[in-house]
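Here the structure of chain A is known, so what remains is to put chain B in place on it, guided by the hints.
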Amino acid sequence: MPEIVLKIGIGSNYEDGDIVCAFNCRRIRCVHAEQICHIKTAGFNSDGLRPLNSLPELFQKETYQYRFERVSKTEVKRINQITLEEEILSNIPNAKKEHIYLEEFLTRRKKHPTHRIFGTTGAEIWYGGRSDVSNFRLDTVWQKIEEKTELREVDYKDWPFSDAELSHFFVVPTDDFDEVQASELVSSINSEPDEEGNTTIIKKRKNKVGFRDELGLSGETLGKIDDMKIKIPKPKSIIHLLDNIVKAKVI
Amino acid sequence: MATITKSIGASGKDYTTITLWEADLDNDTPYDAGDVAVGECYNEVYGENVGINGGPTLGLTSVTLSVAAGERHDGTEGTGARNLSAIPINIANDICTVEWLECDGNGAATNGLVVRTYVAAGGAFFKNMIIHDASAGGSCSGIGGKDFTAMNCIVYDIISTLDDAFGIGYGFATGTLIKIYNCTVMNINAGPDAGDTGYCYQYSDNAGVVFQNCIGVDPAGNVNACYSLGSPLNATMDHNLSSDTSASGTGSLIEKASANQFVSTVGGSEDLHLKAGADAIDAGVDLVTTPTGVNIDINGRDRDVLGDIWDMGAHEFVAAAPSIYIPRIMIF
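Going down the list, the sequences are from chains A and B. Each residue of the first sequence is one higher than the one before, starting from 12 at the first, in the working numbering. Each residue of the second sequence is one higher than the one before, starting from -10 at the first, in the working numbering.
Please note: incorrect hints may appear among the correct ones.
If you want the footprint, here are the derived chain B segments under chain A, 3+ residues with CB under 8 Å [stated by the list, open to error]:
hint, segment
1, 65 to 75
2, 254 to 263
Here are the simulated DSSO-like cross-link-like pairs (lysine-lysine), alpha carbons at most 30 Å apart as the crow flies [what the hints assert, rightly or not]:
hint, chain 1, residue 1, chain 2, residue 2
3, B, -5, A, 122
4, A, 219, B, -5
5, A, 51, B, -5
6, A, 168, B, -5
7, B, 168, A, 214
8, B, -5, A, 217
9, A, 122, A, 51
10, A, 122, A, 72
11, A, 168, A, 72
12, A, 214, B, -5
The set of hints was computed from the structure by calculation and includes no laboratory data. Bear in mind that the values here come from a model prediction, so they are computed numbers and not experimental data. Cβ atoms here follow ideal geometry from the backbone N, Cα and C, with glycine treated the same way.
Next up, chain A with everything else stripped away, as it sits in the complex (with noise of 0.2 Å):
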């Protein structure tokens, strides 16, 4: 379910109820999806690579621009996933500028205790460039994730919030909004640009919520709250609309 967290009391140049963070369904599927399918859950090969069809191959290969496919000793063939364009790239830089040592590449890449050179060696395989964790994309690693695991998409609906966060912060579940409202619900309140066209951070949030009076809070656990030792339940069943916070509880 969206949340949003509001900050309790004053601190770090945020003011009571401002909106610290918002999660929208999108990116709590992603932040899941990225647990479930980080690179340290694939294991390695005999090779000491990746296994190619492992959840972490499956996600890199769904989300990033390129693929990379080792196809000599000193050549790699670069595919954009998007528009299928084909590429081999060496040590001979192409008219772009690019080049490169593909031996030197993979040995310091391989070294790394987490590396993410899928394969076997000699046809070695990784992917790079921009990445795209748009919903289209996701639903795609979620039907991967449920058709390889016995994990359903359903069962993590939540923000992974730890306790000090719960202890610490007022979490107030929402419907959804889309990554221009998340955006503008933690924006900032920014200067006039200078001459040089830039310009600083007057205030950390422009969007708040007054939560003490506009959710109906108890007194005894308006104590708590303040007291911020004391962790307070999830308050599930304050749900209000999204439309409701922002234009008629921001302050």
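Okay, now just chain B, sitting in the frame of chain A:
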């Protein structure tokens, strides 16, 4: 005074996000005045626009955003803790250090500025970071701001299609002081229109500005240079390398091609470690241990303890044993 270290990550850590860790820095639980606050990220993806200015109200001595040992990058993208955001980190206090984090702009078109500082006194420190793939229509930079020190950082692919771009430097307020040691900057592209400037390193010629052991290559734009001022009168500039003629001072190397310096400049697989035979190898000046941390290269190698002859750039080259190539065998 105590050092309070908190873990940050979605895999059962003290805080799930950098933002929530930072928002708690002025909380008297668990901090006290005089404490040193350290937030340690893990080998995860953090997609955040973080503003760091907490701590001074409570009276913290310093605030460090770092990456836990064993979870750090190996000098190449995608191998450690990564913050994936168009505007990941804004530093606005002078007690802050950010280190070992990868900041990936992911080609975002909103605002490419990746790390910026706003303080005038003391400044912030950036160490052992990888900052890359910022893209914007407006001005765009890797590390920019007032009065900061950057060391052993790698910055590449900072692209502005319609305005200025720079890798490391001041983004505003001319006259500010920056000190840059052993950094590597590549592929800084500004727009094509008159006045669009693309610099690997941009700075004012002020006493106190320092560039030592830096590599800057492949800037582009209507006006471009590896170093914005070729021969400064007041700034300290020596033992730097450029692909054009703008590196000046004792021990500097000019007109050195990136193809002869780095392991890989391939888009999506960049590896700006020095390749065997690079011009930058053993061409730096020994900075010993000042400022603190300057001797630790992008891989965590201690140049001072190991008695290295210093290279230029973020990486200290060490010859590695070659790997064995086994061709793919087709079985019919």
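> Which earlier hints can't be squared with this structure?
Replying inline: none
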